[in-house]
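Visitor: Please build the complex by placing chain B on the supplied structure of chain A, with the hints as guidance.
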Amino acid sequence: MPDAALSPSPSPAGGRGEHGEPLARLDGIDRRLIVATQGGLPLVPRPYHALAEQLGLSAEEVMARLRRLLESGVVRRIGAVPNHYALGYTANGMSVWDVPDERIDALGEAVGKLPFVTHCYHRPRALPLWPYNLFAMVHGKSRDEVEAQVKQIAALLGADCRAHDVLFSSRILKKTGLRIGG
Amino acid sequence: MDEVDRNIVNVLQGGFPICDEPYLAVAEPLGLTEAELIARLQRLLETKTLTRFGPMFQVERMGGAFVLAALAVPQADYERVAEQVNALPEVAHNYRREHALNMWFVLATETLEGIPAAIDRIERATGLKVYAFPKLKEYFVGMKLHA
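Residue numbers (full-length UniProt numbering), protein chains in the order written: chain A, 1 to 182; chain B, 1 to 147.
These are computed hints drawn from the structure, not numbers from a lab.
Where is the CB? At the ideal position from N, CA and C, for every residue including glycine.
There could be a bad hint or two in this list.
Said to hold, decoys possible - Result set (DSS-like, lysine-lysine): computed pairs, CA atoms no more than 27 Å apart in a straight line:
1. B:K129 x A:K113
2. A:K151 x B:K129
3. A:K175 x B:K129
4. A:K174 x B:K48
5. B:K129 x A:K141
6. B:K48 x A:K151
7. A:K151 x B:K137
Claimed, not checked - Residues on chain B that point at chain A, a partial pick, calculated with CB under 10 Å:
8. V4
9. R6
10. G14
11. Q58
12. Q75
13. R80
14. N94
15. E138
Said to hold, decoys possible - Residues of chain A clear of chain B, computed beta-carbon distances all greater than 12 Å:
16. I29
17. G56
18. I78
19. V81
20. A86
21. N92
22. L134
23. A148
24. K151
25. A154
26. A155
27. G158
28. A159
29. R162
30. D165
31. F168
Bound conformation, chain A alone:
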């Protein structure tokens, strides 16, 4: 990838993210490491050494930087991302719920702990079209399974659920993911 697009653009020192949280400080080397690994980790016995060679760094520095990126949350984790469809999880429903704002944090934490919920967020309503403030993505092997899972969420929420809906995806229009600096 062309190097010109990468450094020098370190994160602004002391910058704040969208919710006011302090940002991790990245330097040009961190950004090169991110660009080098966003396509995946090398499938060789010593992958961090291979990255080090590619970037002109020592393997110790690559590993130390990756550990720091993990600690600061820039890297959520290192691991495998399965294709839901290939694992047979062909039904994915975005379940959405209207729950009282003052109770949403406790309810969201509880819903997020359910084993079939892969993402769970508090998001704003858009009234009158959209009364829902709690979003929980549910993956199942059939629409019936997803609907049964949604019933479990409804049971958990009880009287706190004022309205809900499930939006099934009927078509993938695009799926690329984020690419930086290339």
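Guide: For chain B alone, kept in the frame of chain A given last:
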């Protein structure tokens, strides 16, 4: 995909070590050699059973933003609007869903300012109002799909 592949997918969703020979460290408890694990990972990626293997980045921690957004697209205009939305590099995923809001996409940008700019471009290109649903709080994000 056999039992060994399923084990690999289940175990490696949880994380991967940072050490000199991480494949070796993971292969042993799975009862595999390092070379077998690497060959199987290669095949799982080639057959698209895995979409990725490596670090997962949180763009928000780097100063960027991810925002879920939706459009209510008239059926007759659906293909045209899908093309216009997909043409933006900031659109990372886009799904058709069955609701009055029938097109749901994720905008991913390297800066916070990139989000309103992308929304503005979509509104001008499509003539439709973009409903943005930025996350106010994250309760859980993770893959725990059992292979």
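Visitor: Determine for every hint whether it applies to the structure shown.
Guide: Evaluation of the provided hints:
Distance check on the hinted pair: K129 of chain B and K113 of chain A sit about 34 Å apart at the alpha-carbon level, beyond 27 Å; violated. With a C-alpha separation of about 32 Å, the suggested pairing of K151 of chain A with K129 of chain B is violated against the 27 Å cut-off. With a C-alpha separation of about 22 Å, the suggested pair K175 of chain A and K129 of chain B falls inside the 27 Å cut-off, and the hint holds. Proposed proximity of K174 of chain A and K48 of chain B is supported: the alpha carbons are some 16 Å apart, at most 27 Å.
Of the pairs offered as hints, the one joining K129 of chain B and K141 of chain A is violated, with about 34 Å between alpha carbons and a cut-off of 27 Å exceeded. Taking the CA atoms of K48 of chain B and K151 of chain A, the gap is near 32 Å; set against the 27 Å cutoff, the hint is violated. Only pairs whose Cα atoms come within 27 Å are accepted, and K151 of chain A paired with K137 of chain B is accepted, the gap being roughly 23 Å. The restraint placing V4 of chain B at the interface with chain A is violated, with a minimum CB-CB distance near 14 Å, outside the 10 Å limit.
For R6 of chain B, the interface hint holds, since its Cβ comes within 10 Å of a Cβ in chain A; the closest pair sits about 9 Å apart. With a least beta-carbon distance of about 6 Å to chain A, the hint placing G14 of chain B at the interface is held under the 10 Å criterion. Below 10 Å, beta-carbon pairs count as interface contacts, and Q58 of chain B has one with chain A at about 5 Å; its hint therefore holds. Look at Q75 of chain B: its Cβ only gets to about 13 Å from chain A, farther than 10 Å, so that hint breaks.
Evaluation of the R80 of chain B hint against chain A yields a violated restraint, the C-beta minimum of about 12 Å exceeding 10 Å. Hint on N94 of chain B holds. Least Cβ distance to chain A is approximately 4 Å, under the 10 Å limit. Proximity of E138 of chain B to chain A holds as hinted, the smallest CB-CB distance being about 6 Å (cut-off 10 Å). Consistency note on I29 of chain A: stated as away from chain B, and its beta-carbon is indeed over 12 Å from all of that chain's, at 14 Å minimum.
Listed as a non-interface residue, G56 of chain A keeps its Cβ farther than 12 Å from every Cβ of chain B; the least gap is roughly 19 Å. Against chain B, the non-interface label of I78 of chain A is violated: not every CB pair exceeds 12 Å, the least being about 4 Å. Against the 12 Å criterion, V81 of chain A falls within the reach of chain B, whose nearest CB is about 4 Å from its own CB. Its closest Cβ contact with chain B, about 4 Å, brings A86 of chain A to no more than 12 Å, contrary to its assignment away from the interface.
The claim that N92 of chain A is not at the interface with chain B is violated, since a C-beta of that chain comes within 12 Å of its own (minimum 9 Å). Remark: the non-interface label on L134 of chain A conflicts with the geometry, its nearest Cβ contact in chain B lying 9 Å away (cut-off 12 Å). For A148 of chain A, the non-interface assignment is confirmed: its Cβ lies about 16 Å from the closest Cβ of chain B, beyond the 12 Å cut-off. The beta carbon of K151 of chain A sits about 19 Å from the closest Cβ of chain B, which is more than 12 Å, so the claim that it is off the interface holds.
The claim that A154 of chain A lies off the interface holds: its Cβ sits roughly 17 Å from the closest Cβ of chain B, which is beyond the 12 Å cut-off. Distance check for A155 of chain A against chain B: the nearest CB is about 18 Å away, which clears 12 Å, and the non-interface claim stands. Against chain B, the non-interface label of G158 of chain A holds: every CB pair exceeds 12 Å, the least being about 18 Å. A cut-off of 12 Å between C-beta atoms confirms that A159 of chain A is not in contact with chain B; the least separation is 20 Å.
Once the 12 Å rule is applied to beta carbons, R162 of chain A is consistent with being away from chain B; the minimum gap is 18 Å. Against chain B, the non-interface label of D165 of chain A is violated: not every CB pair exceeds 12 Å, the least being about 7 Å. Residue-level check failed: F168 of chain A sits 6 Å from the nearest beta carbon of chain B, not beyond 12 Å.
Of the numbered hints given earlier, the model fails hints 1, 2, 5, 6, 8, 12, 13, 18, 19, 20, 21, 22, 30, 31; all others are met.
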